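**Student:** Sequence:
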Amino acid sequence: MDTEVQNALIQLEKLTDLYLVIFGENSLDRVIYMDPLYGYELSEIKKGIDALATAIDNNKPIEQIPKKIYDELIF
Numbered sequence: 001m002d003t004e005v006q007n008a009l010i011q012l013e014k015l016t017d018l019y020l021v022i023f024g025e026n027s028l029d030r031v032i033y034m035d036p037l038y039g040y041e042l043s044e045i046k047k048g049i050d051a052l053a054t055a056i057d058n059n060k061p062i063e064q065i066p067k068k069i070y071d072e073l074i075f
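Reminder that position 49 of the sequence shown reads as 49 in full-length UniProt numbering, one-by-one numbering, no gaps.
Incorrect hints may have been included.
Okay, the calculated beta carbon distance ranges per label pair [said to hold, decoys possible]: (1) P66 / Q11: 16 to 24 Å; (2) Q11 / I32: 17 to 25 Å; (3) I32 / N59: 31 to 39 Å; (4) P61 / D2: 30 to 38 Å; (5) K68 / N7: 34 to 42 Å; (6) L37 / Q6: 15 to 23 Å; (7) Y70 / Y38: 29 to 37 Å; (8) E63 / T3: 27 to 35 Å; (9) D50 / R30: 29 to 37 Å; (10) I56 / N7: 13 to 21 Å; (11) Q64 / N7: 27 to 35 Å; (12) V21 / K67: 32 to 40 Å; (13) L37 / I69: 31 to 39 Å; (14) N7 / D71: 32 to 40 Å.
Please keep in mind that the hints were generated in silico from the structure rather than gathered at the bench. Predicted model, so just to flag it, every value in this text is computed and none were measured. Cβ coordinates follow ideal geometry from the N, Cα and C atoms, glycine included.
Take the sequences, apply the hints, and build the full model.
**Tutor:** Structure follows, in structure tokens:
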């Protein structure tokens, strides 16, 4: 794994931890903020970083998918 991807993953992890502190332990349970099929590509990691940073900056959590719909998704 290249250094840029590793650094982005570290940044994503830090933002995820901060997001969970701000919005609650289960606040990302039913949120898709990166394409699960391409989650380790730099462009997808950056999308995740941007989504979390925007939510934190605006103090507005990312809307969770309704449980009934989420439970029927296949990853």
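**Student:** Against which earlier hints does the structure fall short, listed by number upward?
**Tutor:** Numbers 1, 3, 7, 9, 12, 13 - these are the hints that the structure violates, sorted from lowest upward.
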